[in-house]
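Participant: Chain residues, written in single-letter form:
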Amino acid sequence: MVFNSLEFFLFLFIVFILYWFPFRKNVKIQNIFLLIASYMFYGWWDYRFLSLILVSTTVDYFVGIKIDTRTNALQRKLWLWVSVIFNVGLLGFFKYYNFFVDSWVDMVSLLGYDIKSTWTLKVILPVGISFYTFQTMSYSFDIYYKKLKPTKDYLSFAAFVSFFPQLVAGPIERASNLLSQIINKREFSYKQSVGGLKLILWGLFKKVVIADALAPIVDDIFANYTTYPASTLVLGVTLFSFQVYGDFSGYSDIAIGTAKLFGIELKSNFKFPSFSRNVAEYWQRWHVSLSTWFRHYVYIPLGGSRVSKLKSVRNIIIIFLISGFWHGANWTFIFWGAFHALAYIPVFLMGRNTIYKNSVVGENSLFPSLIEIGQVLLTFSIITFSRIFFRSESITDAFAFIKRICFHFTYETYNHPMGYRMIDYYILITLFVLYEYRIRKDERSPFKFKSKIIRFIAYTIVVLGMLLFYDSNVDRSFIYFQF
Amino acid sequence: MKRLFLKTSLYVILILISLEVIVRILHLAKDSPTRYIDEHKVEKWVPNQEGYSVTGNRRQNFSKFYINNSGYNSYREFTPLKEKVEIALVGDSFIEGFHQNYYNSIGKKIENRLEGVEVYEYGYAGYDLADQLHLIYAYKNQFDLIDHVILGFKFENDLTRGEYHVMQDRMHLESPLYRNARKIKLLVYIQNIGVLDPVRQLVSQLMSFGKPKTIISEEIVIKESIKAKHLSYIENFKSLIEIYGFDKKRFVFLLDTNTTPQIFLNYLENNDFKYIDTFRVLSKSSKPTTLIYDRHWNNHGRSIIATLIVDYLTSL
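Residue numbers (the numbering used here), protein chains in the order written: chain L, 1 to 483; chain A, 1 to 316.
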């Protein structure tokens with residue numbers, strides 16, 4: 001059941017009614033209902049993998065209690081390792097097993113030994129495994145670092161792990177934020193619900209109009225890159241930047257908006273990353289929940305930036321490589337992570353990695369300064385370049401793509417694979433960027449207009465945009481489901 | 001909660017009204033002419049209607065149609081006389097040509113090439129061979145005066161029945177419910193762009209819920225059914241020819257040999273039925289011959305077909 005489907009909206013409506021009417025009075029019953037709804041939501045894809053969520057939930061529930069009850073540091077650490085090994089093992093088997101076997105075979109063959117890979121298995125990647133395993137691990141980590149007390153309410157904990165709006169693609173929530181809201185009684189708030197509906201509408205727009213409309217173009221260019229001139233390849237990867245942003249941030253907006261309907265506030269996952277002024281700012285704005293996770297549970301335990309410069313650089317490399325590998329079992333993602341590390345390190349060494357932490361481009365003016373425009377364009381170009389690795393099928397394809405851009409620079413007009421007018425898409429992207437710039441200060445209020453009439457016009461234009469660019473033939477699943 | 005439902009409903013209604021206005025102003029939805037059954041039980045459009053045919057989300061194809069006194073989309077009236085040379089094009093939506101401006105149709109293109117000739121386009125979406133032959137049979141006096149009759153033909157679609165009867169399914173579209181629904185342009189628009197498809201799929205899934213599914217080996221079914229289907233279609237063809245007649249001297253099929261089974265082509269050749277092959281010329285074209293959204297011929301495709309027909313007629 002994907003967010004942009006009729007089934008989901010019917011499901012959401014029914015769950016919303018039942019949640020706020022028959023089950024409203026008792027928070028425990030409300031949580032049991034939420035758990036059942038979340039399991040139904042997940043089971044729609046493949047009910048067999050519900051067992052994985054259940055096991056992961058149970059392991060971390062008991063590990064949390066064990067860590068808390070042990071006073072001995074070694075024992076606490078041992079229990080933490082139980083959680084880490086179990087969750088990473090789960091991830092390792094389902095996501096990385098074949099990658100390691102194939103890489104081993106390739107390495108041995110490089111040494112001159114020809115062995116056939118007979119150990120590879122037909123393993124289906126369970127949807128959302130990278131997200132919920134990280135979420136449950138964060139619970140154990142927080143208890144280990146004494147930032148959180150374990151819950152004794154198993155059902156509420158299970159509802160926290162499987163909370164359907166963010167189960168399959170985040171935001172990856174920390175227990176300190178989400179679990180506390182699930183345990184405590186929620187009250188219906190008109191303002192919160194309206195805010196949720198607005199975010200759902202804006203998220204759908206980003207998915208249907210930006211991501212889905214650009215998908216056929218991007219797919220065509222990346223699939224046939226050997227036949228296209230460099231100008232088309234540049235266009236393809238630039239549009240992919242918008243596609244992946246529309247897709248993932250659209251998903252996050254719908255997730256956050258849906259959670260609001262149930263009286264729950266999730267953390268923001270995207271804060272207009274396209275307007276970042278350097279790579280460090282980009283990582284404070286793109287997939288924030290994952291960056292925060294890595295910062296709290298990998299970077300800081302390794303010493304973060306409180307160690308020597310050399311060690312800090314090592315730590316940066318480590319988290320970017322892990323972050324790349326988290327995205328998928330392919331060398332393309334590892335190169336993508338490495339590229340980001342290389343782009344981040346100079347910013348870090350110059351001490352400019354936190355200078356834009358509390359401001360946005362054009363902070364105190366209507367328009368950005370020329371310097372800011374230059375910074376944004378440079379950062380966008382670097383990020384877009386890195387996405388060649390992210391989108392290519394293999395590392396060989398990625399380098400061939402780059403080589404073609406660098407050494408075969410020719411220009412040719414690109415025609416849409418289905419014959420549509422390309423100018424429609426260029427206008428669409430331009431208007432989208434301008435509108436995002438207009439709302440850049442608050443990612444949670446996409447329709448922040450004082451005038452009710454202007455707000456109404458904005459809603460109408462958004463729905464009209466969805467109709468004008470709706471394509472019933474496009475695969476409607478979200479890109480980040482594969483991770 | 002009450003406030004949320006009320007305000008949301010109000011916003012939804014206002015947005016839908018605004019969209020209806022926008023769709024009308026931008027003319028994003030197609031106009032649908034009214035159909036009827038005439039005194040000869042021939043299904044056709046109500047005469048003297050005009051409007052615009054629209055295809056694509058963003059009105060990528062926009063063309064005017066005009067229904068003449070005979071009930072077909074054409075710039076001219078059909079008045080065959082012994083003294084004149086006339087050609088009739090009979091067929092489905094490809095001949096009907098709602099995807100083109102009516103004054104730029106295949107018929108008009110033929111007339112531009114053959115001076116003094118009048119081309120009558122009896123095109124109607126969904127016409128199969130039974131419809132076509134019944135039409136010619138019902139209007140025998142008129143068709144007897146026409147010098148050449150070209151029948152647009154698709155083997156897979158046009159031979160599903162061996163005798164003509166009024167297609168009630170199509171006429172249901174003229175029920176008050178459908179006619180009123182068509183007045184809501186937003187509904188017409190979202191239906192055309194496929195927004196309603198998930199609703200239909202969901203309804204059919206719910207309807208078939210709990211019903212046992214028959215699993216048959218696809219390969220066996222395909223092999224056996226194709227052969228049986230082809231044979232039954234040929235039987236239907238024979239039946240239609242027998243019931244409604246066929247003037248082999250004046251009548252000729254316009255078909256695509258690439259999608260027509262060889263067994264049927266052999267049958268036509270062995271029984272002196274003439275045909276014009278569209279595949280040969282269309283496949284040679286370096287430019288696209290069909291529209292973006294469907295397989296109907298675009299302007300270039302129609303020019304090629306017109307040239308093909310002219311070449312055939314001049315070679316006689």
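Derived from the structure by calculation, the hints contain no laboratory data.
A portion of the hints provided could be inaccurate.
[What the hints assert, rightly or not] Here are the computed distance ranges between Cβ atoms for each label pair: (1) L:Pro417 to A:Asn266: 34 to 42 angstroms; (2) A:Arg24 to L:Lys452: 54 to 62 angstroms; (3) A:Met167 to L:Phe99: 52 to 60 angstroms; (4) A:Tyr178 to L:Leu18: 49 to 57 angstroms; (5) L:Phe99 to A:Gln262: 27 to 35 angstroms; (6) L:Leu18 to A:Arg24: 38 to 46 angstroms; (7) A:Phe62 to L:Leu54: 52 to 60 angstroms; (8) A:Gln201 to L:Tyr426: 30 to 38 angstroms; (9) A:Leu231 to L:Met418: 33 to 41 angstroms; (10) A:Asn157 to L:Ser51: 30 to 38 angstroms; (11) A:Gln60 to L:Ile371: 48 to 56 angstroms.
On a predicted model such as this, the values are computed, not experimentally measured, just so you know.
We put the beta carbon where it would ideally sit given N, CA and C, even for glycine.
Participant: What hints, given by number in increasing order, does this structure fail?
Facilitator: Hints 2, 4, 5, 10, 11 are the ones this structure does not satisfy, whereas the remaining hints hold.
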